[in-house]
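From just these sequences and the hints, can you work out the full model?
Chains P and H, in that order, give the protein sequences. Be aware that the first sequence starts at 1, since it is given in the working numbering, and climbs by one per residue. Be aware that the second sequence starts at 1, since it is given in the working numbering, and climbs by one per residue.
Hints are supplied without guarantee of correctness; some may be wrong.
Stated by the list, open to error - With the C-beta cut set under 10 Å, the calculated list includes, among others, these residues of chain H facing chain P: (1) Val104; (2) Gly107; (3) Asn112; (4) Ile161; (5) Leu163.
What the hints assert, rightly or not - Result set (DMTMM-like, lysine to aspartate or glutamate): computed pairs, CA atoms no more than 25 Å apart in a straight line: (6) H:Lys100 / H:Asp14; (7) P:Lys36 / H:Glu209; (8) H:Lys9 / H:Glu120; (9) H:Lys100 / P:Glu146; (10) P:Lys69 / H:Asp97; (11) P:Lys36 / H:Glu214; (12) P:Lys37 / H:Glu214; (13) P:Lys69 / H:Glu209.
No wet-lab data here; the hints were simulated from the structure. Computed from a predicted structure; not experimentally measured. The beta-carbon is built from N, C-alpha and C at its ideal position, and this holds for glycine as well.
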Amino acid sequence: MGGFEHYLSIFTKAVFIENIVLAYFLGLCSFLAISKKIDASVGIGMAVVVVLTITAPINWFIYEFLLSKGALVWLNTLFSVQYDFSNTDLSFLKLIVFISVIAAMVQLVEMFMERFSQSLYNSLGIFLPLIAVNCSILGGSLFMVEREYNVTETMVYGFGSGVGFFLAIVALASVRYRLRYSNIPPRLRGVGMAMLLTGLLSMAFMAFSGIDL
Amino acid sequence: MEIFNSESKKIINDPINVNNPISLQVLGICSALAVTIRLDQAIIMTLAVIFVLCSSNVILSVIRDYIPARVRIVIMLSVIASLVSVVDELLQAYLYDMSKQLSVFVGLIITNCIIMGRAEAFALKNGPSKAFLDGLGNGLGYGMIIIIVSFFRELFGAGTITLPDGGAGYVLFSIPEAWYAAGYENIGLLVLSPGAFFILGLVIWTQRELLGIEEGE
Numbered sequence: 001m002g003g004f005e006h007y008l009s010i011f012t013k014a015v016f017i018e019n020i021v022l023a024y025f026l027g028l029c030s031f032l033a034i035s036k037k038i039d040a041s042v043g044i045g046m047a048v049v050v051v052l053t054i055t056a057p058i059n060w061f062i063y064e065f066l067l068s069k070g071a072l073v074w075l076n077t078l079f080s081v082q083y084d085f086s087n088t089d090l091s092f093l094k095l096i097v098f099i100s101v102i103a104a105m106v107q108l109v110e111m112f113m114e115r116f117s118q119s120l121y122n123s124l125g126i127f128l129p130l131i132a133v134n135c136s137i138l139g140g141s142l143f144m145v146e147r148e149y150n151v152t153e154t155m156v157y158g159f160g161s162g163v164g165f166f167l168a169i170v171a172l173a174s175v176r177y178r179l180r181y182s183n184i185p186p187r188l189r190g191v192g193m194a195m196l197l198t199g200l201l202s203m204a205f206m207a208f209s210g211i212d213l
Numbered sequence: 001m002e003i004f005n006s007e008s009k010k011i012i013n014d015p016i017n018v019n020n021p022i023s024l025q026v027l028g029i030c031s032a033l034a035v036t037i038r039l040d041q042a043i044i045m046t047l048a049v050i051f052v053l054c055s056s057n058v059i060l061s062v063i064r065d066y067i068p069a070r071v072r073i074v075i076m077l078s079v080i081a082s083l084v085s086v087v088d089e090l091l092q093a094y095l096y097d098m099s100k101q102l103s104v105f106v107g108l109i110i111t112n113c114i115i116m117g118r119a120e121a122f123a124l125k126n127g128p129s130k131a132f133l134d135g136l137g138n139g140l141g142y143g144m145i146i147i148i149v150s151f152f153r154e155l156f157g158a159g160t161i162t163l164p165d166g167g168a169g170y171v172l173f174s175i176p177e178a179w180y181a182a183g184y185e186n187i188g189l190l191v192l193s194p195g196a197f198f199i200l201g202l203v204i205w206t207q208r209e210l211l212g213i214e215e216g217e
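Take a look at the structure:
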């Protein structure tokens with residue numbers, strides 16, 4: 001199946017055409033709150049890339065081998081006669097399981113960073129707890145289930161979505177930085193203006209939608 | 001009527017007006033925009049959020065004395081996630097078309113910051129009846145904004161107004177053919193994602209102008 005080009009296409013789609021923030025509105029809370037400062041935006045952007053790339057494949061494995069319909073069929077070889085697991089469908093548990101995996105992974109990544117890379121921890125550490133409840137992470141896992149990606153596609157998709165978030169938040173932070181000295185109507189300042197700017201960014205990203213690899 | 005004293009009224013009214021979760025506290029915007037393409041989606045989403053918000057507030061408020069402060073986030077998340085799973089299953093059972101349209105966004109109610117925010121800021125500090133009213137008020141405040149946004153997006157973007165029913169939605173109003181013949185056109189941009197950002201930005205601006213609230217930056 002297409003090989004490399006297929007994955008490149010998923011990647012560009014996730015970064016530009018179906019950008020997780022600008023086209024699917026995920027992760028907007030932290031997107032709006034943190035984009036006031038460029039340094040902080042780079043920090044949270046990188047943290048989202050790391051966490052999304054790790055959690056999406058892990059959730060894929062859990063979904064594929066524990067939760068989806070017929071996934072427990074491998075148990076049949078263990079307890080051969082009494083039970084038949086080939087029709088067990090645990091997919092209603094996916095929300096609870098995914099969010100717990102995300103919360104646990106965020107905690108693990110934080111501990112790893114603290115142990116092995118103090119400088120990275122200092123720059124990203126404070127953003128990691130925030131990310132556990134960032135909808136773009138859970139959204140990535142849920143989209144992966146809905147679109148029936150395989151494991152490599154999930155990995156590429158997770159990484160691409162993270163990069164898309166990174167680009168969008170850094171772009172918005174830079175625009176807001178420039179706007180600091182402009183004369184905006186006082187009651188439009190802050191979130192209102194950020195909304196309109198995001199709309200413009202989203203329009204700009206729509207220009208990529210003609211690209212087809 | 002003990003329930004409707006002035007304090008309870010304030011608990012319900014504040015989040016609809018001066019302390020609106022979306023336009024003033026800036027919480028829960030993620031799911032707010034994605035479901036505003038059509039009015040019926042916004043109405044169903046509002047009902048789902050009100051249900052989850054009220055129940056999670058009441059449950060957490062009842063058990064608030066037994067939750068150790070250190071693990072409260074995990075407990076909040078698991079209560080909310082269970083409630084959202086219930087809503088998801090109910091939608092799939094009784095409103096299958098709607099649950100297909102809302103796709104992942106029902107699941108994303110879990111990470112809707114309004115619900116975590118109200119649990120943390122209100123339910124863990126107040127009794128169940130107050131927590132219920134707070135949930136109701138915030139749910140209505142959320143619903144008001146997304147219903148306004150979806151009304152404009154659907155009317156000017158697609159030229160219809162759709163109300164929820166058991167199936168694909170009941171079309172209450174659609175712009176007559178004669179208008180299109182006379183040269184009227186739908187604004188296609190409003191149905192796409194940028195439209196949602198623009199309309200919400202304008203709604204936030206209007207509401208702050210009406211209430212006279214400014215944000216320092």
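Quick rundown of the hints versus the structure:
no. : hint                : result
1   : Val104              : holds (4 Å)
2   : Gly107              : holds (5 Å)
3   : Asn112              : holds (8 Å)
4   : Ile161              : violated (22 Å)
5   : Leu163              : violated (23 Å)
6   : H:Lys100 / H:Asp14  : violated (34 Å)
7   : P:Lys36 / H:Glu209  : holds (22 Å)
8   : H:Lys9 / H:Glu120   : holds (21 Å)
9   : H:Lys100 / P:Glu146 : holds (10 Å)
10  : P:Lys69 / H:Asp97   : holds (21 Å)
11  : P:Lys36 / H:Glu214  : holds (17 Å)
12  : P:Lys37 / H:Glu214  : holds (20 Å)
13  : P:Lys69 / H:Glu209  : violated (52 Å)
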